Structure formats: C-alpha cells, structure tokens
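Given only the sequences and the hints, what does the whole structure look like? Please build it.
This is what each chain is made of:
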Amino acid sequence: MAILQVSNLTKNFKGLAAVLNLSFNVEGGEVLGLMGPNGAGKTTVINLITGFLRPDSGTISWHDENIAGLKPHKIVRRGVTRTFQQPRVFPNVTIFDNVFVGLSQSDRSRLFSATDPRQKVSDIFEFVGMKTKPSTLAKDLPQDELRRLEIARAIGSDPELILLDEPVSGLTPEESDSIANIVLRLNKGGITLVIIEHVMRMLMRVSHRLVVMNNGSKLSEGTPEEVRRDPLVTEAYLGKEGEEIA
Amino acid sequence: MVLQILISGLLLGGIYALMGLGLSLTLGVMRIVNLAHGVFYALGSFVIYSFVVQAKVNSFLALFFTFIILFFLGIFVERILLKPVRESEMNVMIVTFALAIFAEQCIRLGWGVMYRSTPPFFKGELKIGEVFVDYQRMLAFGMGMAIIFGLLVALKKTKLGKATRLVQQNYEMAMLLGVNVNFISMVVYGTGVALAALAGCLLAPLYLIFPAMGWTPLLMSFAIVILGGMGSILGTVIGGFLFGLTTLLTSYYISSGMVNVVPFLAMIVTLLIRPGGFFGKEIF
Amino acid sequence: MLKTKVSIGRGRISIPMVFAIGLLGVMMVLPFLVQKQYLLHVIILANILAVFALSWDLLAGFMGQLNLGHSMFFGIGAYTIGFITMAYRIPPVLGLLLGGLISVLLSLVVGIPCLRLRGPYYAIATLAFSQVLFTLAMGLPKLTGSEEGITKIPKFITSIQGNYYFSFFLLVVAVIALNLLFRSKFGKKLISLREDERLSEAAGIDTSTYKIIGAAMSAFLAGFMGAYNCYYHGNVTPDMLSISLTFSVVAVVVFGGVGTLYGAIPGAYILTFLNEYLYFIMDYRLLIYALVIMLILLYSSGGLLGLLRERLKVFNHGNTSSQ
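Chains as they are written, first to last, in numbering that gives the first Met the number 0: chain A, 0 to 245; chain B, 0 to 283; chain C, 0 to 322.
Among the hints, erroneous ones may be present.
Claimed, not checked - In silico lysine-lysine, DSS-like type, Cα no more than 30 Å apart, as pairs:
#1 A/Lys13 <-> B/Lys156
#2 C/Lys184 <-> A/Lys70
#3 A/Lys13 <-> B/Lys161
#4 C/Lys184 <-> A/Lys132
#5 A/Lys187 <-> A/Lys73
#6 C/Lys184 <-> A/Lys130
#7 A/Lys217 <-> A/Lys70
#8 C/Lys184 <-> A/Lys73
#9 A/Lys13 <-> B/Lys155
#10 B/Lys156 <-> A/Lys138
#11 B/Lys82 <-> A/Lys13
#12 A/Lys132 <-> A/Lys187
#13 A/Lys138 <-> C/Lys184
#14 A/Lys138 <-> A/Lys70
No lab work stands behind these hints, which were simulated from the structure alone. Note that the structure is a prediction, hence the values are computed from the model and not measured.
Here you go:
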C-alpha cells in the first residue's frame with residue numbers, strides 16, 4: 000500500500016527543469032533506492048518532498064494528503080524526516096541536545112518507547128552506534144560519527160518515513176556497511192526508507208526496489224535485479240567512472 | 000509645480016544612484032554588509048567642507064582631493080578591519096556598525112555638532128519654462144551620471160573591471176582562475192566608499208551637513224540596492240531616481256522634518272515586497 | 000581549579016557561582032556600608048543596562064537575530080509611561096507591564112514582516128524601524144516634546160535604596176529566568192535558530208513561530224526596563240530610542256561575549272561606571288567604545304568571556320551543557 004505518492008512532479012530553476020513530470024510511489028514498509036547520475040535531480044526530489052522547495056506543478060501525496068508546498072516542520076510532524084547530503088548539525092550544542100531539540104512528544108514510535116526524553120535519546124544513540132559522550136559539542140564530533148548523529152536526529156522525530164540523502168558517500172566500506180545495518184534495523188522496526196545513493200553496493204544490499212532517475216525524469220523502476228538488467232540504465236551509466244551496477 | 004518637483008527629484012536621484020552603486024559594489028562583489036557606507040558619505044561632505052570653506056580651495060579641486068583621500072581611507076579600512084573578519088557575516092556587520100559610530104564621533108569631535116553649509120560649485124540657476132533648475136543640481140547630476148557611465152565602461156572593458164565581475168559571479172572560481180581577489184577586494188571597497196563620499200560632496204552644497212547625517216543615506220542606499228536588484232546597474236539607477244522623487248515629494252507635500260521617515264518606510268515596504276536574497280532565491 | 004565544585008547541602012555548585020553569590024551578598028549590604036548615593040545611582044543604571052543588554056543577547060547571541068534597532072523596544076516602553084502618565088494615574092507595576100506589552104506589540108509589527116529576511120536584511124530593517132521611531136519622537140514636538148521629551152513623570156520608588164534593591168531584583172530574576180529558559184527544550188529550540196535554521200526546520204521546529212516568540216520575550220524585557228528607566232529618571236527623551244543606545248547595548252554584549260548571557264553583566268557595569276565616573280572623557284565615550292569593539296572583534300569574536308572561556312573552559316552557557 001503506497002504511503003507516499005509522487006505524481007507529475009516538476010520543478011524548474013531558471014528555465015532548466017531539475018525535475019520533470021516525475022511520478023513514483025513508496026510502499027509502506029519498504030526500502031526504496033533512488034539512484035541516478037549526478038545532476039539527475041535526486042536531491043531536488045527530497046527537497047520537494049520535505050518542503051524545502053515548492054514544486055511548480057504536480058502533487059506529493061502522503062497518506063492521501065497533498066503535502067506539496069507545506070513548510071518543512073509541518074511535514075516532519077506528519078512523520079516524514081530527512082538527512083542532508085553534507086551532514087548538518089547544530090555545532091555549538093551538545094550531541095544530546097542535537098537530538099533532544101527535535102524529539103517528538105508523540106508516543107507513536109514503535110522502536111523507541113521510552114517516555115523519559117533522556118532515556119529516549121540514549122536509546123537512539125545506542126541504536127545508531129554512537130560512541131561519543133552525549134555531552135560532547137557537535138562541532139567536536141569525529142567525522143565518522145557525524146552521519147550517525149544525523150540519522151539519530153532524523154529518528155528522534157518518530158518518523159514513519161525517512162529520506163536519506165547519500166548516507167554513505169565518502170565512507171569506507173566498513174563504515175558503509177555499518178550504516179546499511181542501521182537502515183536494515185530501522186526497516187525491520189517498521190520504518191519506511193527512501194535512500195539516495197551512488198554507492199551501488201549499499202543500495203543493492205538494502206533496497207527492495209529501485210527508482211532510477213536521469214535528467215529529472217524517471218528512467219527505470221523495479222527490483223534491483225530488473226534495474227540491473229535494464230539497458231536504458233546501463234546506457235545512462237556508461238562512461239561514468241567507478242560506477243558498477245554489480 | 001509638479002514638474003519642478005519631478006525634475007528636482009530626478010536630479011537628486013542621480014546622486015542617490017551614485018551612492019547606491021557604491022553599496023552595490025561592496026555588497027555584490029565582496030559580499031560585505033557595509034554599515035559604514037553612510038558615514039563615508041558624511042565624511043565626503045565634511046572633508047570637502049574643510050577644503051572649500053576652511054582652506055578656500057577651489058571646489059572642483061577639492062572634489063578630486065576628497066575622492067582620492069576617501070578612496071585610500073577605504074582601502075585602509077578594508078585591509079585593517081574587514082579582511083580579518085570577512086567570514087563571519089555577523090561580525091562584519093558589528094564591525095562596520097562600530098566603525099560608523101567611531102567615524103561619526105570623529106566627525107563630531109573634529110568639526111563640532113553645528114549644522115554647516117557648503118557653498119555651491121556654481122551659483123545661479125537656469126529657468127526652463129516654468130521650472131527653475133539651479134546649476135549645482137545640474138552639475139551634481141551630470142557628474143553623477145558621468146561617473147556611473149564611467150564605472151559601467153570600466154567594468155565592461157578594463158581588465159580589472161572584468162575580473163571584478165568575475166569575482167561577483169563566483170568568488171571561488173575567480174580565485175581558482177588566478178584572479179588576485181585580495182587586490183580586487185581592496186579596490187572595490189575603496190571605490191564603493193569613495194562613491195558614497197562623492198555623493199556626499201555633490202550634495203553638501205544642497206543640504207546642511209551634520210555628524211549624524213550618514214544614517215539616512217545608508218538606509219536609503221540599501222533600499223535602492225534592494226529595489227534595483229543586486230548587480231544591476233540600471234536597476235540601481237532607477238531605484239535612485241525613485242528615491243530621489245520620494246524624498247522631494249515628501250519634503251514638499253508633507254514636511255521637511257518628515258523627510259527621513261518616508262524614505263525609511265519606503266525602504267521597509269521595499270524589503271517586504273522584495274526580500275529577494277543577496278545570494279540565491281530561496282530563503283531556505 | 001575553576002571547575003571544582005563545592006558541595007552545599009545536597010547540591011554542588013561551581014566556584015565562579017560561589018563567587019557570584021558572594022558578590023551579590025556584598026551588593027545587598029552595600030547601602031548600609033556606604034553613604035555615597037551617587038555610587039548607588041550608578042549601580043542602578045548599570046543594572047538597568049545589564050538587563051537591557053541581556054534582552055539583546057537573547058535575540059542576537061542566542062537566537063542569532065542581529066537586531067540593530069533594539070533601542071526602539073526600550074524607548075517605546077519608556078514613551079508608553081510618558082504618554083500614559085500625562086493623562087492618567089496608574090499603578091506603577093501596571094505601567095511597567097504595559098511598557099513591556101507595548102514593546103511586544105512593536106516586536107510583532109516589526110518582526111512578522113521581517114520573518115523572511117536573512118541576517119543582513121533583518122539588521123537593516125530593524126535599523127530602519129528604529130530610525131523611523133526616533134525621527135517621529137524628534138519630529139512631533141506636540142506629542143513627544145521633541146528633544147526635551149516628556150518630563151515630570153511621577154516616580155515609582157522614591158528612595159535610592161528602594162530603587163537599588165528593585166533593580167537588583169529585576170537583574171536576578173532576569174538572569175534566573177533566562178538560565179531556566181536555555182536549559183529548557185523551548186530555549187534550546189531558540190538556540191537552534193542561531194545554529195542552523197534550515198536544520199531546525201528539518202528537526203520539526205516551527206522556526207517562524209519561535210522567532211516571533213523569542214523576539215517578543217526579548218522585546219518585553221527591553222520594554223519593561225525602558226518603562227522602569229522612565230520611572231527612575233522621571234523623564235523620557237528621544238535618546239532612549241537612538242542608535243547610540245543600541246550601539247551601547249551591542250558594545251556591552253560584544254565586550255562581555257555574545258551568547259554567554261553572564262558576559263553582559265560585567266560589560267554593563269564597566270560601561271556604566273566609565274560613563275559616569277570618567278566624565279572628563281564624556282565626549283570621547285562612544286569613540287572609545289567603538290574602538291574597543293573593533294579591536295575585540297579583530298582579536299577574538301568571543302568578547303571578554305569568550306577569551307576566558309577559551310583559556311579556562313569555564314562559562315558554558317551559550318553552549319548547552321547536558322543535564
């Protein structure tokens with residue numbers, strides 16, 4: 000059952016279409032991979048879904064409610080959160096507070112049921128494997144923990160759907176696997192995920208389905224196997240160094 | 000009568016455009032919010048006052064000297080004060096705010112709080128039909144337009160000008176391409192404030208000068224730049240004309256005491272209609 | 000050494016805190032030890048400036064909104080008292096609250112349109128608004144008395160000692176309140192506005208509403224103090240709306256350390272004492288402050304407390320410490 004439906008989404012920047020008539024669905028409980036070459040419009044899609052951009056046309060339907068053009072915080076309250084391509088934190092604030100400040104009051108979380116906020120943040124940190132002390136300032140956080148903090152922050156709002164924007168880019172294979180595990184555990188806990196990535200290995204491992212974008216439009220869609228065999232996809236990726244669909 | 004106001008307003012607007020342009024340079028090219036822009040305008044007025052009234056120097060010569068002095072003062076300020084704090088927007092604003100207060104106090108201590116006036120470059124006026132236009136205004140307008148034109152040419156044709164436009168479009172790329180961004184910063188800031196000073200010189204004979212005179216022009220310049228759009232010279236000029244007209248209309252139809260208020264309100268309205276950003280369209 | 004805690008009853012407090020409490024104790028008995036009324040007067044002025052400065056730090060240091068027209072909130076609180084007492088007699092406490100309230104209204108009038116404005120535009124807009132008010136105060140003599148302002152306002156507390164203790168009361172309450180604010184989730188959301196507004200939205204925080212509420216709190220504090228200032232002096236003049244006043248407050252907070260909360264207090268005291276006691280440099284005051292501010296920003300953007308913090312890792316207030 001589709002919980003998120005993107006229909007004919009279009010966004011132009013100075014005459015250039017970043018996203019053009021894009022349509023796809025996200026099924027409840029799945030992990031959907033969103034892939035495509037650089038400039039395909041993937042981050043724009045996330046920005047549109049999460050309210051950071053207003054579409055020029057089309058609808059974004061979340062549980063049958065059109066959320067296109069709503070302010071980001073309203074979308075978060077409805078259960079959709081995101082991470083950023085370059086990890087963003089509140090630097091002069093403790094990592095504890097980074098998560099605490101966005102902590103949801105609701106008790107809809109199936110994964111983190113603690114009512115005491117301190118306990119909840121602690122549980123979330125444990126879940127994402129955060130090793131740093133909670134009282135550390137975010138600007139002093141070691142690089143490899145930044146992504147964990149981002150994910151922790153996204154989890155804190157008790158989302159039903161999380162959109163991850165390139166969660167493992169720049170990480171070593173081990174770190175990448177670690178994040179992939181978090182994704183799988185989140186999914187097992189009932190959270191739907193949409194992941195934008197270039198790193199095929201990770202996407203192939205965690206995704207149930209893939210949507211491939213190119214030049215702002217949908218190029219292909221299906222299970223990882225189907226997409227891998229799609230000649231359109233191979234053609235779009237020909238000539239890109241280091242990209243393997245295998 | 001209306002025609003008189005229109006003409007006077009336009010002539011005034013030419014000078015405002017000059018000031019606005021100066022700000023547009025520092026804002027657009029250097030991405031610096033120069034809250035001291037107004038005080039340089041004031042300095043222009045006071046320095047030329049000193050030359051002309053106290054030292055009895057010829058007005059045109061004084062104009063030239065003032066421009067040069069303020070240009071180098073601007074460079075000095077840029078090197079000492081701005082270069083170190085460039086990265087933090089808030090610090091730049093606080094520093095230039097402090098500079099404005101500092102300079103205003105210097106003016107007050109150096110020249111006193113009395114309202115002063117400067118004699119016009121040319122005395123007399125021209126009568127065209129029903130309209131009186133005094134020579135000073137015409138001269139100011141003419142010079143203002145000439146300088147704006149010269150600036151346009153310099154930006155388009157000279158090597159320095161082209162490099163400056165490059166820096167405005169993309170700072171990092173300009174650096175990578177080997178443009179001497181430091182040098183350009185210096186020159187742009189110096190020019191920007193010198194233009195403000197020039198406006199101050201040209202307007203000094205028309206209005207009374209006093210130490211705190213810089214704040215209104217500061218806010219007006221920002222309004223002009225916002226209205227006209229960053230980096231658009233034509234827009235800035237049009238904005239200048241608009242504000243020149245508004246000022247004159249206010250002083251005639253309402254009262255000269257309120258001359259400050261209406262431009263401010265106009266500025267606030269401008270900000271609300273076109274908050275447009277300096278750097279990019281989405282506020283987020 | 001400065002981080003060592005001392006146990007008092009069941010709690011533990013740090014040494015700087017002990018020092019501060021001790022100092023407060025001394026201040027409380029000062030009127031009995033010292034006969035000089037003038038000293039008490041200067042301390043009262045310092046307290047008023049301190050709380051006013053705290054209100055600006057709330058806005059600029061904690062929320063990241065660089066308001067360059069802050070004196071308009073102080074001034075409108077003062078003028079409120081001025082206008083009202085010309086016509087009616089009202090209980091002073093009501094007057095103070097009214098001053099704060101009118102100031103809040105002003106903050107809405109200014110703040111709501113300015114919501115969409117980024118830093119520099121917000122700074123310019125607030126500057127413009129305060130100039131409009133200043134020009135009105137100067138230019139409408141029938142209403143505001145122009146440069147002379149409104150005088151002969153009946154005082155609230157007549158004795159110097161009374162005002163002394165009251166001003167300390169206000170200072171202590173403000174400090175405690177702001178302290179509690181920034182330890183609370185609400186306060187931390189305000190801080191997130193300064194840190195990264197986009198991220199704040201992504202974390203589910205309604206940034207527009209929080210900006211408005213935070214600004215309203217800042218305005219209330221400033222307006223309240225403006226009203227009190229008016230009661231204390233018995234008059235209100237346009238320089239309570241001036242750019243110079245705004246600059247004084249900026250200078251105090253920058254000097255003490257933006258976003259440190261406590262830094263504003265020594266900053267306010269130093270500025271006020273210099274103002275009042277070194278009257279032979281009266282003419283050069285603003286000049287010197289401006290110079291000092293420029294030097295501070297060139298050397299360290301943290302101000303006095305920022306420097307201290309770097310060296311001693313003591314005061315930690317703008318950085319939320321975990322419970």
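These are the hints, each one checked on the structure:
no.	hint	verdict
1	A/Lys13 <-> B/Lys156	holds, 27 Å
2	C/Lys184 <-> A/Lys70	holds, 21 Å
3	A/Lys13 <-> B/Lys161	holds, 24 Å
4	C/Lys184 <-> A/Lys132	holds, 20 Å
5	A/Lys187 <-> A/Lys73	holds, 26 Å
6	C/Lys184 <-> A/Lys130	holds, 24 Å
7	A/Lys217 <-> A/Lys70	holds, 26 Å
8	C/Lys184 <-> A/Lys73	holds, 18 Å
9	A/Lys13 <-> B/Lys155	holds, 24 Å
10	B/Lys156 <-> A/Lys138	violated, 46 Å
11	B/Lys82 <-> A/Lys13	violated, 33 Å
12	A/Lys132 <-> A/Lys187	holds, 27 Å
13	A/Lys138 <-> C/Lys184	holds, 20 Å
14	A/Lys138 <-> A/Lys70	holds, 27 Å
This entry does not satisfy hints 10, 11, going by the numbered hints stated previously.
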